[in-house]
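*Asks:* In case you want the letters, here they are:
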Amino acid sequence: MNNTLDKKLINYGEALYEACFQEMANDENVFIYGLGVDDPKGHYGTSKDLHKEYGNKRNFDIPLSEDALTGVGIGAALAGLRPIYVHQRMDFLLLCMNQLVNMAAKIRYISSGEHSVPIVIRAAIGRSWGQGAQHSQSFQSYFMHVPGIKVIAPTTPHDAKGALISSIRDNNPVVFIEHRMLYKNAGYVPSTSYEIPFGKGRILREGNDITIVGVSHTVEDSLRAADLLKSVGVNAEVIDPISLSPIDYDLIRSSASKTKKLLVVDNGWMTCGFSSEIITDVAINCEGIRCQRIGFEDTPCPTTPILEKAFYPNPQSIAIMANKMCGGNKKWSPPAVEQHEILSFKGPF
Amino acid sequence: MNNTLDKKLINYGEALYEACFQEMANDENVFIYGLGVDDPKGHYGTSKDLHKEYGNKRNFDIPLSEDALTGVGIGAALAGLRPIYVHQRMDFLLLCMNQLVNMAAKIRYISSGEHSVPIVIRAAIGRSWGQGAQHSQSFQSYFMHVPGIKVIAPTTPHDAKGALISSIRDNNPVVFIEHRMLYKNAGYVPSTSYEIPFGKGRILREGNDITIVGVSHTVEDSLRAADLLKSVGVNAEVIDPISLSPIDYDLIRSSASKTKKLLVVDNGWMTCGFSSEIITDVAINCEGIRCQRIGFEDTPCPTTPILEKAFYPNPQSIAIMANKMCGGNKKWSPPAVEQHEILSFKGPF
Amino acid sequence: MKKKFNVEKAYYLFLLTRKSEEKIIELYNTDKIKSPVHLSIGQEAIAVGVNMAISEDEVIFSNYRGHAHYIAREANLDKMWAELYGKSRGTARGKGGSMHLNDWGKKFMPTSAIVSTAIPQAVGYAYALKYKNQKGVVICYHGDGATDEGVFWESLNFASLHSLPIIFICENNKYAIYTHQDKRAMNDPIVERARAFGVNATKIKGSSTEDFYNATIDCLNNIEKESKPHLIECNCLRWRDHVGVGDARDLNYRNEKEVDEAITNDDLLSLEKKLPISTVNAIKLKVDSQINNAVRFAEDSKFPEVNELYDNVYG
Amino acid sequence: MKKKFNVEKAYYLFLLTRKSEEKIIELYNTDKIKSPVHLSIGQEAIAVGVNMAISEDEVIFSNYRGHAHYIAREANLDKMWAELYGKSRGTARGKGGSMHLNDWGKKFMPTSAIVSTAIPQAVGYAYALKYKNQKGVVICYHGDGATDEGVFWESLNFASLHSLPIIFICENNKYAIYTHQDKRAMNDPIVERARAFGVNATKIKGSSTEDFYNATIDCLNNIEKESKPHLIECNCLRWRDHVGVGDARDLNYRNEKEVDEAITNDDLLSLEKKLPISTVNAIKLKVDSQINNAVRFAEDSKFPEVNELYDNVYG
Ligand SMILES: Cc1ncc(C[n+]2csc(CCOP(=O)(O)OP(=O)(O)O)c2C)c(N)n1
Ligand SMILES: Cc1ncc(C[n+]2csc(CCOP(=O)(O)OP(=O)(O)O)c2C)c(N)n1
Ligand SMILES: [Mg+2]
Ligand SMILES: [Mg+2]
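Going down the list, the sequences are from chains A, B, C and D. Quick note: the first sequence, position 150, residue 150 per the working numbering, numbers continuous. For the working numbering, count along the second sequence from 1 and bump the result up by 1000. For the working numbering, count along the third sequence from 1 and bump the result up by 2000. For the working numbering, count along the fourth sequence from 1 and bump the result up by 3000.
It should be emphasised that the hints constitute simulated quantities derived from the structure, not laboratory data. Yeah, the Cβ is synthetic: ideal placement off N, Cα and C, and Gly gets one too. Treat the hints with care, as some may be off.
As the list claims (entries may be wrong) - Computed far set for chain D versus chain C, every beta-carbon distance over 12 Å: (1) 3009; (2) 3029; (3) 3057; (4) 3089; (5) 3210; (6) 3251; (7) 3261; (8) 3284; (9) 3306; (10) 3313.
To be verified - What follows is a set of in silico ranges between Cβ atoms, one per label pair, in the way DEER data are often shown: (11) 8/A x 2310/C: 14 to 24 Å; (12) 2074/C x 1257/B: 58 to 68 Å; (13) 2252/C x 8/A: 22 to 32 Å; (14) 2032/C x 1025/B: 46 to 56 Å; (15) 1055/B x 3182/D: 15 to 25 Å; (16) 3104/D x 191/A: 33 to 43 Å; (17) 3315/D x 1028/B: 50 to 60 Å; (18) 324/A x 1257/B: 42 to 52 Å; (19) 8/A x 2074/C: 37 to 47 Å.
Unchecked claim - Quick list of in silico lysine-lysine cross-link-like pairs, DSS-like style, CA-CA up to 27 Å: (20) 2174/C x 52/A; (21) 41/A x 2225/C; (22) 3174/D x 1057/B; (23) 3205/D x 2225/C; (24) 3019/D x 1346/B; (25) 2034/C x 309/A; (26) 3228/D x 3257/D; (27) 3205/D x 1041/B; (28) 41/A x 2032/C; (29) 3034/D x 1309/B.
Please work from the sequences and hints to get the whole structure.
*Replies:* Listed below in C-alpha cells is the structure:
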C-alpha cells in the first residue's frame, strides 16, 4: 500500500476518474473514447466531463463500430498516442477479438520491437438485475491466453486508480477489467499519482488453513467467505491477484504450499478459464495440494433472480466448499451474508 | 472402430469430403458455404465440385464477411437448414466470436428450447512454412470455455468422417477443427455413413507408465514420442480425446489414475488453454498424479524455420518431458523423428 | 393489392402496446420486474403499422427494444408478463427477460441485446426461405445505431447479392442511448447507403401508423413482383429514457421541445379521434382486461425450479 | 501544384519491383524462402504511381500483398530479402516473413495477413495526425476483397465523420483468391458505396503508372485544400496465382485471354519505350545489382538465435 498521508475516502468509480484526469493532465497523448464517454453519465462518472477539461478530441463519443474503433485506437497508438477505449460491457469485446488478438498482440513481434501498441481497453463486467446471457460475461481467460496482451482486474479503489495509471503508461495493449458492482465501493486512495505494478498480487487476509484466490468481484465474496469460515475455526488466506497477465504465480504457489489447499473462485466459466490456469500451475509446481474451483455455472446466465442466484458463486457457497476441503462438517450451512452492493442495486441497468 | 468390411484406404481430406457428400445426399437441408468452397481447389478437396452434384445453393462461395456470414448460417439454421461454414484458417474465427458466443451459444437457452442452432463451423488450423503470427493459431479453448457450443477435433481419417457426420446431425452449434497437416494422412475408412459420438475419447496406445493426452495434430506427435519412449523402457498410454466439448474426463482420469503421470500436449498456447483444463480436472478429481503440459511457446508464432521449430512441441520435446516425469535420465536425447507431413510440405501456403 | 387500413385494429394494437408499457412503468418500482426494460413508448406507430401490413406467415426479427414489435404482433401477452416477472410460464421460463422475448407461435424470433446481431440472422432466414422455395418475407427491425455496425452492411450486401425477400425496418429515433446520430455518421445517410448496397430504400415522410402501414404494403407488393431486399427508414422519437422507466429529462441530452411536440402529436390520439366513442371505450375495456389478466398471470405463476438452470444449454 | 511525371524514376521503381519479384520466382524452388508470397506482378503500376506522387512524410499501410508497395517506396530491399530468407537482418529479424514487411525509416507500417485489418489502423493514424496538428496524409492500400468486410465500412464512416486526411488505394484485381467480385457484391459498387459513406471516391479510367500518379496528386491537392478522406479505385490484373509463384492457369478460374492482354499491355514496356536506350540500360544494370546485392545480403545473414524467440512479445 502507498503510504502517503494524503489519502481520501473515495469510491472505485471516482478512483478511475482520478486516474484518467491525472494521466490526461500528465500526458497530452492520452485520450479516451467509447460509447457515451462524454454523455451526461460519463461511464459511471469515470470519464464525466473530461472533454470539458481537455477538449473534445481527448474524450469523445463514437459510432457503434467496435471492430473498427479498436483498430482506430491501435493506429493512434502506433502514431504515438495513448488511447483508452471504454466499453460498457465486456460482452462487446467479442466484436473486437480480431483487432486485439490478431493485431494489437502481434505488432511488436512482427516488427521486431520497432512499434508498440500502448492502448488500454477498459471493459465493464458484472451482474445486477437480469443482465442475462449477453450482458454478464467475463472473458479474462480469452486475453490471458494470448501472449502480447496484459490483463488487469483490480478490486479495491486504491488498486483501481494505480492499476489504471500503470496501464495507461504501459507500452503494451492492456485489457482493464472493472466490475460494475465495485464502482460504488469506497476506500482510501492517495490523491497523487502512483502505479500498481503488473505481475504482483496481494494477500488481503492471512490464514494458514486454505488459500482462496478470487478475481475482481469474487475477491470481495472470498473475503466474506473468509469471515464465515472463521466461525467454524477455519483461517483462510485470501489472495487478490490484481494482475492476471502477467500473474503472480509465486505468491499463489507459496501460499498454497503453506496451506496445502487451494480454492479458486472464478468470475467466469471455469472450463479453460482463470481458475483452470491457477490450479494447473499449482498442480504442476507444488506438491500435494488439494485443489478446487468454483465459478459461474456452465450455462448462459439466466435472468430470473432465483436462477441468477444459483448461477453465481456467493460467500456461502465459497465457504461451504472451503470448509469441506478443510475436512469440516459437510452439512455446515453458514448464515446468509449480505452482498450489499448487489442487494442495493436498483435497476434498470 | 467400426467393423464393417467395406473399408477403403483414403486420406483425412477425402474422409471429410465423403462425410459432406453423404450427408448432403442424406438430408437436403445440409449446405456448405465459405470462401472458395466451390473453387477449383474446394477447400483441400473437401468440398470440391459439390455444387455440381447438389446445386449452387448448397455449396457456395461468399463475400469476405465472416461476422455476417456466421449470422446468416445461424439464421438459416433457425429456419431448419443445416449449414456448414468452412474457414480456411481458424484465425478468421476471431471475426465471428460475437455471433458464435453471444448468439449461437445462447439462442436455445433464451428461447427455453424452442429454437436450436444446428450449424457446423469447420475451421482449419495448423502450421507449415512461415504461416506466421496470424495463420497458425488454434482457439479450441475459446470454444471449450462457452456452454452451448460443442467442439470436436478428430485426428484420424476414420474419426474425421464420422465426427463430421455427427456434427452435421447434432442440434447444437459445433466447432469442427481440422489440422492442415492431417489432410494427407491416410487410414481405413468405412464407405458407408456412421457417427463418432461426442464425449468419447480413444486410447490409441496402451501403456502403464505415463498418460499422454494430445489434441488434433499433437496426438500424432504424441504417438511418435511414445515410440521414442519405448527405447528407454517407458510405456506411454496415448489418448486422443477427439471431442473437446464435451470431453471424456472419465477416460483421462482413469488412465492417469493408473499411470500416476499425466502429460498434456497442447496444440495452442497453454495459459487458460486445453492443457490447463485437462490438468485441472485431474488435479481436482484424482489423487497424487504428477502433471505436466507442453504446447506452443508463449509468443506469437514466428516465421523463420529455426524459431518456428522452437515454437512448436515435437516428438522429441514431448518424449524428453515424459521421460523426465518417469524419472528417466534428464540428459536423454532421443534421435530426431521424421514428421513426414511437415517435412514434405512444399509452399506456398 | 392494398388492404384498406383498419383504424379500429390499429387503435387496438396501439393502445395495447402503449398501455402494456405504461403498466410496466406503473409497476416497476415494486421491483417485481427485475429486468432492464427498453421501452418503445413514442415509437409504437411503426410496430403497429408494420404488423397490420404483414401476414401471419412473416417471420419477425427484433431487438432488446422489442416490446412494441412483440405486442403489436399479438404475441402472447401473458407469457411476456410472466417473463418480465422471471416466472416459469414466461417466454423463456424466466431465463431471458425483457431483452430476449420470443414467441414461435407468432413467428417472433428470440431477440438479442447486442446491437445489430440479429440482422444477419434475419438475412439467413430469408436465404432459407429462398432455399426451400417457401413463400414469405422476413421482417427485421433495428435502430439507427445498428447501422453503425459493419455487420449491418455485410448483411445488406449478402441480401442484395442473393436478392432475398426481407424488409429492414429502421426505427430512427436519432439516438443510440444519449448519442445523436450526427455524432455517429454524417448527413443522415442511412437510405443512401442502403441503396449503394443494392437495397431498395425509402425514408418515410410521415410518421403516422398509416404511413408505416402503407410503406410496408408497398414493399410487400414490390417483393411479390421481384424478390429483393427493402429498407424502410421510419422517423420516430422515444419518449422515455433509453433504458428503464424514467424520462431522463434532467440529463438534457436532447431538445426537450421536440419531445413535447412528439407527445402532443401522439398518433394514438389521432387514431382515437377517428373512431366512435363507443368503439374507443370498448377497446379500452378490452385492453385493460387483457393487461390485467396478463399481470395476474405473471403474479400467479411460479418461479422456475433451481434444477432448471441446466435445461436447454444443449439440445 | 502538379509535379511533372518523371518517366525515368517511374521506370526505375517499376523495374526494381518487377525484377525483385521475378527473382523470388527464380529462387522459390530452392526452398530458401520458406514463406508464403503474394506477388504483385501485373499490379505494380499502382504502387509506383502512388509512391511517386507522395512525399517522404506520408505513412503507408499495406497488406500481405505488399511487396510492390514496399519496394516502390524504396524501403530497404536488403532487409526485405533477409526477411524472406528468415534471417536476423530481416525487417522483423525473420519473425514476420513476406506477409508482415515493415520499414519505419520509410514510414512503411507492419502489414497484416488478415484481410481489411489494417484499414481502421490507417484511419486511427490519420486521427492521430489531426490530433497532433501534424501535416501528412495516410496512404492505405487494400484489395477489392477488403471492401467486403464490415470493418472497412466502419472505418470509412469514422474517417468521413472526422474529416481525416487519408487516401484509400483500392487495388481492384477483381478477385479474392479465385472468387470474382461479382460473386461477392452486385454491380461493381465500391466507388458508389464509398461516396455514400462520405468519402470522395474516383474510379480511375486508365491503368498506367501515370494515371495512378495523376489521381494521387489530385487527391493530395484536394486534401491540402480540405481535409477529407479519399478513395481511388484502381483497376489491375494480377498475372500470377493468388499465393506462390505459379500462375494457376490450369485452374481456369478466369478468362485467360484477359490475362494475355494485360501482359501484352504491360506498362513497364510503355515506360521503357519512352526512354533512351542508354538510360534504360543503365537502370537495368542498377536494378540488377541492387537485387543481387540484396539476395547476397540475405544469403550472408545469419538465422536468428533460438533464444530470440521471446524477444519483443512485450515491451
Ligand atoms: C454491439 C453493442 N454495442 C453497444 C451496445 C450498448 N447499447 C445498447 S442499446 C444501444 C443503442 C443502440 O441504438 P439504436 O440502434 O439506435 O437503437 P435504439 O436503442 O435507439 O432503439 C447501445 C449503444 C450493445 N448492446 N451492443
Ligand atoms: C479476414 C480474412 N478472411 C479471409 C482471408 C483469406 N484470404 C487471404 S487473401 C484473400 C483475398 C483478398 O482479396 P483482395 O482483398 O481482393 O486482395 P488481393 O489478394 O486480390 O490482392 C483471402 C480471402 C484472410 N486472410 N482474412
Ligand atoms: Mg436509436
Ligand atoms: Mg482482389
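*Asks:* The structure should be examined with respect to each hint, and the outcome stated for every one.
*Replies:* Checked hints:
no. : hint                        : in the structure
1   : 3009                        : 38 Å, holds
2   : 3029                        : 39 Å, holds
3   : 3057                        : 27 Å, holds
4   : 3089                        : 39 Å, holds
5   : 3210                        : 30 Å, holds
6   : 3251                        : 23 Å, holds
7   : 3261                        : 28 Å, holds
8   : 3284                        : 46 Å, holds
9   : 3306                        : 41 Å, holds
10  : 3313                        : 30 Å, holds
11  : 8/A x 2310/C: 14 to 24 Å    : 46 Å, violated
12  : 2074/C x 1257/B: 58 to 68 Å : 59 Å, holds
13  : 2252/C x 8/A: 22 to 32 Å    : 30 Å, holds
14  : 2032/C x 1025/B: 46 to 56 Å : 54 Å, holds
15  : 1055/B x 3182/D: 15 to 25 Å : 19 Å, holds
16  : 3104/D x 191/A: 33 to 43 Å  : 40 Å, holds
17  : 3315/D x 1028/B: 50 to 60 Å : 55 Å, holds
18  : 324/A x 1257/B: 42 to 52 Å  : 21 Å, violated
19  : 8/A x 2074/C: 37 to 47 Å    : 57 Å, violated
20  : 2174/C x 52/A               : 24 Å, holds
21  : 41/A x 2225/C               : 49 Å, violated
22  : 3174/D x 1057/B             : 23 Å, holds
23  : 3205/D x 2225/C             : 37 Å, violated
24  : 3019/D x 1346/B             : 23 Å, holds
25  : 2034/C x 309/A              : 13 Å, holds
26  : 3228/D x 3257/D             : 39 Å, violated
27  : 3205/D x 1041/B             : 34 Å, violated
28  : 41/A x 2032/C               : 26 Å, holds
29  : 3034/D x 1309/B             : 13 Å, holds
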